[in-house]
Each structure stands twice: as C-alpha cells, then as structure tokens.
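Engineer: Please build the complete structure, drawing on both the sequences and the hints.
Protein chains: 2
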Amino acid sequence: MNPELFFTKNTKAALQNDPPGEWMPPVPKYCIPLSAGYPAQSLVPYNEMNEAVKDLIEEEKDLPFQYLGSKKVNTVKKFVRERLVERGVVLLEKEILVTAGAIQGIDLISRTFIDRDTWIVVESPSYMEGLEVFRNYTDHFITVPIDEYGMQTEELEKTLKNRKEKNLPMPKLVYTIPSFHNPTGTTMSIDRRRHLLELASEFNFLIIEDDAYGELYFDERPTPIKAMDSGSRVFYLGSFSKTIAPGLRVGYVAARSDLIEPLAWFKKDLDHPFAEATLGSYLIQTDMKKRFEMLRKVYQQNCKTLISSLEKYMGELATWQQPSGGYFVWVNIPGINTSEILVEAMQAGVSYVPGKHFFVHEQEGLSYLRLSFSFVSREEMVSAVEILSQVVKKHLNN
Amino acid sequence: MNPELFFTKNTKAALQNDPPGEWMPPVPKYCIPLSAGYPAQSLVPYNEMNEAVKDLIEEEKDLPFQYLGSKKVNTVKKFVRERLVERGVVLLEKEILVTAGAIQGIDLISRTFIDRDTWIVVESPSYMEGLEVFRNYTDHFITVPIDEYGMQTEELEKTLKNRKEKNLPMPKLVYTIPSFHNPTGTTMSIDRRRHLLELASEFNFLIIEDDAYGELYFDERPTPIKAMDSGSRVFYLGSFSKTIAPGLRVGYVAARSDLIEPLAWFKKDLDHPFAEATLGSYLIQTDMKKRFEMLRKVYQQNCKTLISSLEKYMGELATWQQPSGGYFVWVNIPGINTSEILVEAMQAGVSYVPGKHFFVHEQEGLSYLRLSFSFVSREEMVSAVEILSQVVKKHLNN
Chain A
1 MNPELFFTKN TKAALQNDPP GEWMPPVPKY CIPLSAGYPA QSLVPYNEMN
51 EAVKDLIEEE KDLPFQYLGS KKVNTVKKFV RERLVERGVV LLEKEILVTA
101 GAIQGIDLIS RTFIDRDTWI VVESPSYMEG LEVFRNYTDH FITVPIDEYG
151 MQTEELEKTL KNRKEKNLPM PKLVYTIPSF HNPTGTTMSI DRRRHLLELA
201 SEFNFLIIED DAYGELYFDE RPTPIKAMDS GSRVFYLGSF SKTIAPGLRV
251 GYVAARSDLI EPLAWFKKDL DHPFAEATLG SYLIQTDMKK RFEMLRKVYQ
301 QNCKTLISSL EKYMGELATW QQPSGGYFVW VNIPGINTSE ILVEAMQAGV
351 SYVPGKHFFV HEQEGLSYLR LSFSFVSREE MVSAVEILSQ VVKKHLNN
Chain B
1 MNPELFFTKN TKAALQNDPP GEWMPPVPKY CIPLSAGYPA QSLVPYNEMN
51 EAVKDLIEEE KDLPFQYLGS KKVNTVKKFV RERLVERGVV LLEKEILVTA
101 GAIQGIDLIS RTFIDRDTWI VVESPSYMEG LEVFRNYTDH FITVPIDEYG
151 MQTEELEKTL KNRKEKNLPM PKLVYTIPSF HNPTGTTMSI DRRRHLLELA
201 SEFNFLIIED DAYGELYFDE RPTPIKAMDS GSRVFYLGSF SKTIAPGLRV
251 GYVAARSDLI EPLAWFKKDL DHPFAEATLG SYLIQTDMKK RFEMLRKVYQ
301 QNCKTLISSL EKYMGELATW QQPSGGYFVW VNIPGINTSE ILVEAMQAGV
351 SYVPGKHFFV HEQEGLSYLR LSFSFVSREE MVSAVEILSQ VVKKHLNN
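Here the protein sequences line up with chains A and B, keeping their order.
Sequential numbering of the first sequence, starting at 1, is according to UniProt numbering.
Sequential numbering of the second sequence, starting at 1, is according to UniProt numbering.
The hints are simulated quantities; they were obtained by calculation from the structure and are not laboratory data.
You can take every hint at face value.
Chain copies aren't distinguished; within one or between two, either way the pair holds.
Derived pair list, reagent style DSSO-like, types lysine-lysine, alpha-carbon separation capped at 30 Å:
#, residue 1, residue 2
1, Lys77, Lys61
2, Lys12, Lys77
3, Lys77, Lys54
4, Lys77, Lys29
5, Lys394, Lys304
6, Lys54, Lys71
7, Lys12, Lys161
8, Lys29, Lys268
9, Lys29, Lys54
Structural biologist: What follows is the structure, encoded as structure tokens:
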C-alpha cells in the first residue's frame with residue numbers, strides 16, 4: 001500500500017517542498033542560541049501563570065476543562081478589543097477570532113482564500129514559518145523587497161501594473177509584517193502603509209498585517225495598517241507569544257465580520273479552552289501596560305548590547321540596520337555563505353538562523369543571518385558575537 | 001468589497017452546508033441537559049490538574065510556556081504507546097501524533113486525503129462533529145447503516161461491488177466508530193471488524209477508527225480494528241476528552257509512519273505545548289488504570305439508571321438498545337419528529353440531541369434522539385426521562 005496514491009493533489013504539491021521546521025540542525029546545549037526567537041526564562045511569567053491557574057480552578061472548578069470552556073475566554077477577547085482601541089483599531093467583539101497562536105490565523109486565512117491557483121504577495125525576506133504555511137496551499141509567490149522603510153510598495157505597484165498589462169494572474173492576498181519585521185527588524189513608513197491600502201483598493205486584494213511584535217517598540221509606536229483600513233481589506237494578526245508566553249499558543253485575527261466568519265467555520269473545534277482560560281485569568285491579575293513597558297525597556301537594552309557588540313567585533317565585516325523594536329537584528333556579511341558556516345559556528349559556541357530560510361528564492365539570502373536579542377543574557381550576547389566574528393574572519397581569510 | 005469573490009472553490013462549497021455547531025438551540029439553565037456529551041463536574045479532576053500544573057511549573061519553570069515545550073509532552077506519547085500495547089496495538093513512537101483532540105486528527109487526515117473529488121464512507125448515523133469536518137472537504141458520502149453489531153459491512157460490500165461494476169468512483173476512506181458508537185452506543189462485532197479490513201484490502205481504501213470511547217466498556221473490552229491491521233490501512237484515533245477532560249483538547253492519531261508524516265507536516269505549529277505538558281504532568285501523578293475502572297463503574301451505573309427510567313416511563317412509546325459502554329443511549333420514538341418537539345421539551349425541562357443531526361440524509365433520523373448518561377446526576381436522569389415521556393405522550397395523543 002503506497003500512501004501517496006491516496007494523497008490529494010494539494011498534498012502531493014505541498015509535500016514537494018522542504019519539510020516544515022527542518023531549517024535548523026539541532027542546536028547543541030553548550031551553544032549560545034542567538035537563533036532563539038522566544039523570550040528569556042526570566043521574561044516568562046511562569047509563577048504568575050501558576051497563580052492564574054490556581055485562581056481559575058478555585059473559581060470555575062471543572063469549567064476550563066470542559067468543551068465550552070470558561071468565562072475567562074471572553075476576558076481575552078475583551079482585553080484584545082480594548083488594547084486595539086488604544087492602538088487606533090476600533091472593532092466589535094464578533095470581528096475578533098482568538099486562535100492557537102498567530103500561525104493558526106495564517107493557516108485559517110490560507111485555508112479560506114488560497115488554493116493552488118492563487119497568487120499571493122510576500123515580503124522578501126519574510127517570516128519563515130509563515131512561508132511554510134503558505135506553501136501548503138500555493139506555490140505562486142510574488143516577492144517584494146524590503147528596505148529601511150519596510151516593504152517597497154512602489155515596487156509592488158510596478159509589479160502589479162506590469163502583471164495587469166500582460167494579463168497575468170493577479171494576487172489575492174498580500175502578507176506583511178509592517179512593524180519590527182521578522183527577520184529584518186524594519187518598520188514600514190506611514191506613507192507606504194497608506195500606499196499599500198490604496199493599492200489594495202486599486203488592484204482588489206486583501207492584506208494580512210502580522211503585528212506579532214507590535215507592542216515591543218522602543219520609542220515610537222507605529223500605527224497599525226488596520227487603523228487606516230477604511231475598505232476593510234485587512235486581516236490584523238496579533239499574538240501573546242512575544243509578550244507573555246509562546247507555549248500558551250494564543251493569538252488572534254481581527255477583520256470585518258464577514259471575513260472572520262469563514263475562518264471561524266474552519267476553526268471549529270480546533271480550540272484550546274484551557275490555555276485560553278489560563279491566559280484570561282492571568283490578564284485579570286496583571287497590569288499589562290506595566291508589563292509591556294518593562295518588556296520594551298529590557299528588549300531595547302538587549303538590542304543596544306547586541307548592536308554595540310556587532311560594532312565592536314564585526315563593524316568591518318558586516319552591515320545591519322538599527323531595529324526600532326521587536327526581537328531581531330538582520331546582519332549581512334558579504335563574502336560569507338551563512339548556511340555553510342553554521343555548523344562550524346555552532347561548534348564554536350553560537351547559533352543563528354541563516355538568511356536563506358526567510359526567502360522564497362533562497363539564493364537571495366545567502367549572506368544574511370538573523371540574530372535574536374530576546375533570549376540570551378547580555379553577557380552571553382557579547383561573547384556570542386565575538387565567537388561569531390572569529391568564525392567569520394577565519395572564512396574571509398581563507 | 002465582497003469577500004465571497006476571494007473564497008476558494010472549496011470554501012464556497014463548504015460554506016453552502018449548515019454552519020458548524022448550529023445544530024442545537026441554546027439550552028436554558030433550568031433544563032436537565034441529557035444533550036450534554038461531556039463528563040460530569042465530579043468526574044473532571046480539576047483539583048488534580050491544579051496540582052499537575054503546580055508540579056510542572058516547579059520542576060520545569062518556563063519550559064511548558066515556550067514553543068518547544070516541556071519534556072512532559074513525551075510523557076503523553078509514552079502513556080499512549082504503553083496503553084495501546086495493553087489493548088493489542090503495538091506501535092513505535094513515531095507512529096503516534098498527539099493532536100488537539102481527536103477532532104484535529106479527523107481534520108488532518110481529511111486535509112491530507114480528501115478533496116472535492118474524494119468519496120468517503122460514513123456510518124449512518126455517525127458522529128455529527130466528524131461529519132461537519134468531512135463536509136469542509138467533500139460532499140461525496142456513501143452511507144452504511146448500523147445495526148446492533150455495528151456497521152453492516154455486508155451492505156458496504158454490496159455497495160462497493162455495485163459501484164465497481166458500474167465504474168462509479170470508489171471511496172478512499174471509511175470512517176467508523178466501532179466501539180460504543182456515537183450516537184447509537186453499539187459495538188461492531190469482531191467478525192465485521194475483520195470483514196471491514198478485508199474489504200479495505202480488496203477495494204483499496206483506508207480506515208479511520210475513532211475509538212474516543214474505547215476505555216469506557218462496561219464488561220468486555222473490544223479489540224481495536226487497529227490491533228488486527230496487518231495491512232496498515234487504519235488510522236486509530238484516541239482521546240483524553242472522555243476519560244480526563246475535554247477542555248485540555250488532547251487526542252492522538254496512530255498509524256504507519258508514512259501515513260502519520262503528512263499529517264504532522266500540516267499540523268506544524270498548530271500545537272498546544274502547555275495543555276500537553278499539563279496532561280503529561282497529570283498522567284505521572286495518576287493511577288490511570290484505577291481511574292479508568294472508576295469511570296467504567298460510574299458510567300455503567302448511570303447507564304443502568306437511564307435505561308430503567310426509559311423502561312419505566314417510555315417502555316411503550318419508544319425503543320432503544322442496551323449500550324455496552326460509552327456515553328449514550330439512542331432512542332427511537334415512532335410517530336414523533338424529535339426536532340419539532342425539542343423546544344417544547346426544553347421548556348418542560350429536558351434537552352437531548354435530535355437524531356437528524358447524526359445523518360448525512362437528515363430525514364432518516366427524524367424519530368431518533370440521543371440521550372447522554374455522562375453528565376447529569378442519576379436523580380436528574382430519572383426526572384428528565386419522566387418529563388420527556390410527558391412531552392412525547394402529549395404529542396402522540398394529538
């Protein structure tokens with residue numbers, strides 16, 4: 001019995017891509033993981049979570065463990081709604097769908113709107129797990145480069161005009177991470193955000209605005225594209241993974257209710273009431289504004305340390321851009337293939353994510369790598385960058 | 001902007017069906033919910049879950065809240081593997097995929113193997129949420145009736161031979177709940193289990209064996225179809241929802257590794273590490289054999305109470321079959337349309353699930369209803385059946 005004979009056309013197409021999550025060899029324990037895109041132990045409120053669970057069970061007993069779940073699930077929605085109002089996005093409750101991390105939002109949107117005939121636009125580079133999900137639905141990608149002001153919407157406009165003239169298939173969706181972009185750390189300018197919305201209306205496409213890092217600005221808070229979305233073309237994706245705990249897997253999608261309804265339809269029963277109730281209980285106990293402030297300060301200081309280490313050890317070897325928020329610094333090391341030296345770097349004691357994994361066309365990213373300042377201590381960061389610089393120097397001198 | 005213009009073909013087809021979960025009007029609070037297919041409060045180990053979370057966090061700190069999650073996730077797999085060995089199913093760890101409830105297993109299998117061209121076989125009646133998920137992928141159902149020995153595999157054989165002769169499309173998958181079937185409570189005989197496997201080999205299809213109720217036998221433990229699956233055509237679905245807590249949303253799929261791999265591919269990141277780790281921590285603390293025994297006794301006694309109430313109040317109005325395990329009794333009331341009297345029954349103080357929702361062809365189920373003996377107290381059960389009998393009598397006399 002050959003299972004492939006039973007696969008659907010889509011499954012066959014999807015499985016021709018690289019298997020998901022296979023983009024990194026295992027990181028040895030002795031390594032300083034600048035690859036790690038998650039919060040440091042000290043920033044995960046695990047004791048508070050313990051309290052949250054305790055209170056939840058004392059108050060609601062079996063409810064959080066039943067299908068229909070606890071009333072605390074509504075607390076999550078309420079928090080999201082109120083927080084979004086402060087960020088300029090005014091929504092009804094029925095316009096918010098709580099999901100198992102922002103990635104379930106990407107999956108549900110894809111499932112509803114993307115099949116093997118669909119063209120979509122992604123930034124180049126883009127969030128690698130996002131690309132993996134999209135590849136499960138289509139191989140038709142249009143890529144738009146990023147510069148220091150985010151997605152080059154002028155380039156997108158040219159491409160769209162050109163495709164229209166030539167009668168080529170037009171994209172249905174544009175996926176963007178406008179604020180503290182993963183992996184580049186850049187933020188889209190307000191003019192380009194407006195331009196993107198204009199293009200959406202002119203060329204009739206929907207936008208996925210992935211704002212997973214939106215709360216983690218250092219100085220200035222960017223205005224979400226969704227806040228200017230008069231045509232209701234934007235799916236706004238948010239997440240508690242970067243600000244509370246990734247393992248809870250709670251995120252959300254916000255959009256016009258007739259765009260949310262089909263997602264809710266497919267999500268049916270792919271729910272996780274206990275995790276959502278735990279988060280709800282935690283949110284009630286926590287001064288989240290204070291927490292956001294604390295996180296911003298810690299990450300800003302972490303970022304400064306990473307940047308000054310790069311200046312000290314790699315100033316003549318590499319270039320990078322100063323992020324204004326988020327988790328990552330995106331480094332370009334001309335003359336180096338970052339995938340090729342990864343194992344050696346890990347043996348020397350430092351890991352990173354090679355740039356190629358963030359590109360639809362991998363060869364565009366060979367000299368790049370992504371460093372995270374969210375997870376390791378500042379002392380470790382300094383050592384890690386020094387180790388990395390030595391590995392790089394050795395290869396440049398060969 | 002009309003969102004429908006952006007839908008895929010599949011989305012358009014799926015959304016033409018009834019919206020998911022809309023099969024029951026809200027059950028008023030004063031009602032005795034014989035409709036409730038979940039465990040009673042006293043059977044949900046919420047205090048033990050509190051302990052499990054406390055121990056988990058003390059031992060592993062932030063780990064259960066990170067993406068990669070805790071080591072306790074492996075405890076779940078290990079438990080499943082060892083338990084399945086006792087039930088005659090010997091598997092490698094890589095042949096087990098932990099999922100967000102058994103329903104995510106149904107969804108992942110559907111996603112991998114079913115599209116709008118695929119024919120599948122379901123029992124008539126069948127698990128309504130399962131049918132809802134399948135309908136998101138196809139409308140091509142072949143139904144096979146159930147009698148007191150489960151799915152009538154002789155009927156399936158006739159249908160398959162007939163389709164083959166006529167050169168009609170053949171089904172790729174057969175979905176069955178062989179033990180303590182939802183909603184009928186029946187159990188497939190061992191001969192029919194073997195016959196189904198023979199048919200799978202002869203007519204080249206895969207089998208989904210949904211064993212969500214498998215641990216809840218009253219006297220005799222049925223042998224899973226998977227235990228006899230020499231051809232490796234069976235996806236075995238298990239769940240902790242009926243034996244521990246539905247709101248944790250932890251289930252699993254077990255199958256040959258080349259059938260599991262594509263599911264794992266699509267599942268990517270649709271994980272829930274904190275809930276899995278909590279379950280792992282709970283399993284370490286708990287004598288599960290003792291717990292299973294306790295549950296069997298309670299549910300058997302509940303079932304007896306429900307059946308004797310039916311005998312007392314509805315013996316002349318209705319027929320049903322004695323279940324040998326599970327959660328449900330399936331009642332046939334000739335001359336009554338159970339959907340039509342539901343609101344009145346709820347006003348009188350009792351809820352149930354009307355039979356039609358369990359059928360692909362709803363008209364086949366009009367006189368049936370499903371009663372659950374898992375949730376309400378025995379005293380309430382007796383009152384509820386009395387109330388139901390009065391509503392039924394009133395309608396039969398009209």
